[in-house]
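Engineer: Just need the whole structure built from these sequences, with the hints factored in.
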Amino acid sequence: MSQAERTAQDIGEVVLEAVDVVKTYGATRALKGVGFSIHRGQVTTLFGENGAGKSTLMKILSGVEQPTSGTILLHGEPVAFTDTVDARERGISIIHQELSLAPNLSVRDNIFLGREITGPSGVDYAEEARQTKAVLDELGEDIDPMTKVADLRLGQQQLIEIARALSVDARILIMDEPTSALSATEVEVLFTVIHDLTARGVSIVYISHHLEEALEITDHAVVLRDGTVTATAVSADIDLPWVVRAMVGEGFDLGSPPTGYEFGEVALSVQGVSVPDAEIHGRNVVDRLDLEVRQGEIVCLYGLMGAGRTELLEAVAGRNPISEGRILKDGRDLAGLSIAQRIDAGLGLVPEDRQRDGLVQTMTVGRNMSLASIGSFVKGFFLSGRREADLVTDSIRSVHVKTAGGGAMIGSLSGGNQQKVVIGKMLATDPDVILLDEPSRGIDIGAKAEVFRLLAERARQGLAVVYTTSEVGECLSIAHRIVVLSRGRIAAEFGADTTKEAIMAASGEAVIS
Amino acid sequence: MTISERKPTMTTNATGQRRPALFSDGFDLGRLLLQGRAFFALIAIIVVFSVLSPNYLTVSNLLTMSSHVAVYAILAVGMLLVILNGGIDLSVGSTLGFSGVIAGFLMQGVPIGGVTLYPSLWVVVVLSCGMGAFIGLINGVLVARFRVAPFVATLGMLYVVRGVGLLMTNGLTYNNLAGDPALGNTGFDWLGFNRLFGLPIGVLVMIIVGIVVSLLLNRTVFGRWLYASGGNERAAELSGVPVKRVKVRVYVLSGLFAAIAGLILSSELTSASPTAGNSYELTAIAAVVIGGAALSGGIGNVRGTLLGAFVIGFLSDGLVIIGVSSYWQTVFTGAVIVLAVLLNSVQYTGKPRRSGGGRSDDQSTPTTPSPTSDAQAPAGAVPEKTRG
Ligand SMILES: Nc1ncnc2c1ncn2[C@@H]1O[C@H](COP(=O)(O)OP(=O)(O)OP(=O)(O)O)[C@@H](O)[C@H]1O
Ligand SMILES: [Mg+2]
Numbered sequence: 002m003s004q005a006e007r008t009a010q011d012i013g014e015v016v017l018e019a020v021d022v023v024k025t026y027g028a029t030r031a032l033k034g035v036g037f038s039i040h041r042g043q044v045t046t047l048f049g050e051n052g053a054g055k056s057t058l059m060k061i062l063s064g065v066e067q068p069t070s071g072t073i074l075l076h077g078e079p080v081a082f083t084d085t086v087d088a089r090e091r092g093i094s095i096i097h098q099e100l101s102l103a104p105n106l107s108v109r110d111n112i113f114l115g116r117e118i119t120g121p122s123g124v125d126y127a128e129e130a131r132q133t134k135a136v137l138d139e140l141g142e143d144i145d146p147m148t149k150v151a152d153l154r155l156g157q158q159q160l161i162e163i164a165r166a167l168s169v170d171a172r173i174l175i176m177d178e179p180t181s182a183l184s185a186t187e188v189e190v191l192f193t194v195i196h197d198l199t200a201r202g203v204s205i206v207y208i209s210h211h212l213e214e215a216l217e218i219t220d221h222a223v224v225l226r227d228g229t230v231t232a233t234a235v236s237a238d239i240d241l242p243w244v245v246r247a248m249v250g251e252g253f254d255l256g257s258p259p260t261g262y263e264f265g266e267v268a269l270s271v272q273g274v275s276v277p278d279a280e281i282h283g284r285n286v287v288d289r290l291d292l293e294v295r296q297g298e299i300v301c302l303y304g305l306m307g308a309g310r311t312e313l314l315e316a317v318a319g320r321n322p323i324s325e326g327r328i329l330k331d332g333r334d335l336a337g338l339s340i341a342q343r344i345d346a347g348l349g350l351v352p353e354d355r356q357r358d359g360l361v362q363t364m365t366v367g368r369n370m371s372l373a374s375i376g377s378f379v380k381g382f383f384l385s386g387r388r389e390a391d392l393v394t395d396s397i398r399s400v401h402v403k404t405a406g407g408g409a410m411i412g413s414l415s416g417g418n419q420q421k422v423v424i425g426k427m428l429a430t431d432p433d434v435i436l437l438d439e440p441s442r443g444i445d446i447g448a449k450a451e452v453f454r455l456l457a458e459r460a461r462q463g464l465a466v467v468y469t470t471s472e473v474g475e476c477l478s479i480a481h482r483i484v485v486l487s488r489g490r491i492a493a494e495f496g497a498d499t500t501k502e503a504i505m506a507a508s509g510e511a512v513i514s
Numbered sequence: 472m473t474i475s476e477r478k479p480t481m482t483t484n485a486t487g488q489r490r491p492a493l494f495s496d497g498f499d500l501g502r503l504l505l506q507g508r509a510f511f512a513l514i515a516i517i518v519v520f521s522v523l524s525p526n527y528l529t530v531s532n533l534l535t536m537s538s539h540v541a542v543y544a545i546l547a548v549g550m551l552l553v554i555l556n557g558g559i560d561l562s563v564g565s566t567l568g569f570s571g572v573i574a575g576f577l578m579q580g581v582p583i584g585g586v587t588l589y590p591s592l593w594v595v596v597v598l599s600c601g602m603g604a605f606i607g608l609i610n611g612v613l614v615a616r617f618r619v620a621p622f623v624a625t626l627g628m629l630y631v632v633r634g635v636g637l638l639m640t641n642g643l644t645y646n647n648l649a650g651d652p653a654l655g656n657t658g659f660d661w662l663g664f665n666r667l668f669g670l671p672i673g674v675l676v677m678i679i680v681g682i683v684v685s686l687l688l689n690r691t692v693f694g695r696w697l698y699a700s701g702g703n704e705r706a707a708e709l710s711g712v713p714v715k716r717v718k719v720r721v722y723v724l725s726g727l728f729a730a731i732a733g734l735i736l737s738s739e740l741t742s743a744s745p746t747a748g749n750s751y752e753l754t755a756i757a758a759v760v761i762g763g764a765a766l767s768g769g770i771g772n773v774r775g776t777l778l779g780a781f782v783i784g785f786l787s788d789g790l791v792i793i794g795v796s797s798y799w800q801t802v803f804t805g806a807v808i809v810l811a812v813l814l815n816s817v818q819y820t821g822k823p824r825r826s827g828g829g830r831s832d833d834q835s836t837p838t839t840p841s842p843t844s845d846a847q848a849p850a851g852a853v854p855e856k857t858r859g
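Line order of the protein sequences matches chains S and G.
In case it helps, my numbering puts the first sequence at residues 2 to 514.
In case it helps, my numbering puts the second sequence at residues 472 to 859.
If you are wondering where the hints come from, they were derived from the structure by calculation, not from laboratory data.
Check the hints yourself; a few may be wrong.
[Claimed, not checked] In silico DSSO-like links for lysine-lysine, alpha-carbon gap of 27 angstroms or less:
no., chain 1, residue 1, chain 2, residue 2
1, G, K715, S, K380
2, S, K501, G, K715
3, S, K149, S, K134
[What the hints assert, rightly or not] Here are some chain S residues the structure puts well away from chain G; computed CB gaps all over 12 angstroms:
no., residue
4, G42
5, G307
6, M427
Note that CB positions come from ideal geometry on N, CA and C, so glycine has one too.
Structural biologist: Below, the structure is given as structure tokens:
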């Protein structure tokens, strides 16, 4: 690393700075005196494991939360944002980790929520629609501005969230895991947009647990650990192992397919199943698909957004009706069984959208964790509190949730830890077949490795695992078999010895070098 | 240089901790005080009226007021179940009145093929309650199976049930509910007038209903299902909760409790009027809300709801005792409802309106509740978005 390069990187003046910021939530010290700066026209990436305090810091910088102590400097001047509107007026915009869209409203209305364009005759809907279209075009997305957000796939919703932040014309744009539900192609488009923005002098903060992706775009890297900054560096100085070391203090490995045992009987058999499209009549999102998974086998479903992964898993779990075909578990036809009955039969789904489908926000961590298996600790008429408590403690330990305890409210957990609760909840039902839709969404590499290790271990005991991912690297970890979906059909199947390029090519995705 | 004392591993979890408070269900006074603005309101009401009238704080008056409260409280507990589910039941006032009408109708004797049958008391009670449950079932099926909005479905039933009651009685009131020893159907007034262990029967019924529903909510699978499906129906369903069944049952229970309240009321009045219980559904909703439940569902408990009913009942009776005009009574009751709920949101959203000299340290008070044993969590403390 030459001195010249280093200074070239450092040129960007500091536009927004946090000095010695502390944030406590009750007894939890989320930030313990953090210094953090954002440079003009550059991308600062923030790395850190789940619960390290990344989102908390960003919320403070964007006016969502107030620091317990410490100063925020905007262009060198101390500021105290009263709220997000205040911060937005000063040019700071944030994309939240958890979607904050109004699902009942249209794309257009969401994008302009709270800052509607008004003309002489009320809101100028036409102009709003035009601008919506323009910003979506920029993101390479063809969505009608009048579509209701609830009707969009999760990834598309995330794009709307991004579009909203972009349309504000912010000088500082904070992105807290903007890509957790996006496919590689969409991420590439987003990166092009980010490059445009930085060229125009917009400063970006980028948070992602997809480390390789984040490294691709970073100018400055900052690593948070347990509420303190443990490392900062410019991009030329760092590589993936450096980030991993700084984050978790050790090397990591997503694991390899468990071996040394024979697969058992066919546990799950999907035979010629079609799932009709909810919107377009006569179109199938899953089209006469066949899939067999044996006891002890781990299958990774890979595919672009809209390939039909979520729809397939939801149909198998009993959430969506199928229009043809059969789904068998251990040879038993599941037709007509409710979700609850399927869970009882040993088939569980970990849904993709944890806020909407995974968690009950009004309940505690423990009660969320035990919700799916609650039937098993009834003693007579009443629940056995002791057995429930044991289960919760066990589950919290086995999926490594970082929490003050089972009695903490679910909303006090960091995003990744909430995700682990959703996974733990299903594993607690002791299933024979588990379907996980993007289980690694929002969890850090350490946790990812642990979740995969856990799945591999359960597979060894006979659990059949099907999981989806939009990160190819995660297919090449514990999966024995990789099934690539495209337009509701199986485009290709690979063994564990395949390559990223082969998988991506089969999915119809442009291969990124 | 900050030295992290934490272990370098990513997990600091609850291992080794003592059994979380989550699972104990004891009566914790400290928490009650912390959460209980309804409790404070009640104390304040009692203190103020005791000062204003020497008759207020006497055992006999407290018991009289409690038996008034019982009717509202039993209704409110049923309403709580529905509200926990994220719904609303506007038909309970009508059901309450109708249950009295059914009882009155049966007590007058049912002419069947020339003979007039006088069902005995317990048959009357069972049939009235059954009718209440049946009305609830209709509500439940409308809401759960046919996806009619709870507000609309139960609003419709409010009218239908009231109308049927008026039709059955021609708008008249049954005045003779005493029965006749010769016919073997006496005892109806027992509910309203007798005492057991020095407590009016209505109050005892209220206590029993309170305990049973409390156990139901905190100790049974059904209770957990109810909290879960009220908090997030989609997530609950995907976790295997039979959300429709839960919904139907909740309305059935609400109808049943309304019928019980109706029996107590008509027994206390020794008459059954088809217009009894008019607008009681609103009182019940108010009690539930004062008791800290969230109308969006998933949050609330029996203790709060009972306190809410006492606040309303003790306030309005107190106003009567000190001779405030009934118009002012209405105004006061409304003001207390708003005030109690206002306190609720100030206390819990964690954004107190900048109290004098408020430093940012105010923010460090926990905005998220510490582990609590029941699912009562502050409304709005956990916004759906921006977590993570
Ligand atoms: N409202 C809250 N109440 C209590 N504790 C909270 C609250 N919000 C965050 N925390 C705690 O603060 C810590 C930091 O959380 P934060 O959400 O910033 O983590 P993060 O780095 O964004 O993690 P992730 O990668 O999982 O999103 C966690 O221990 C979390 O439990
Ligand atoms: Mg976060």
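Engineer: List, from low to high, the hint numbers that the structure doesn't satisfy.
Structural biologist: As far as the earlier hints go, 2, 6 are violated by this structure, in ascending order.
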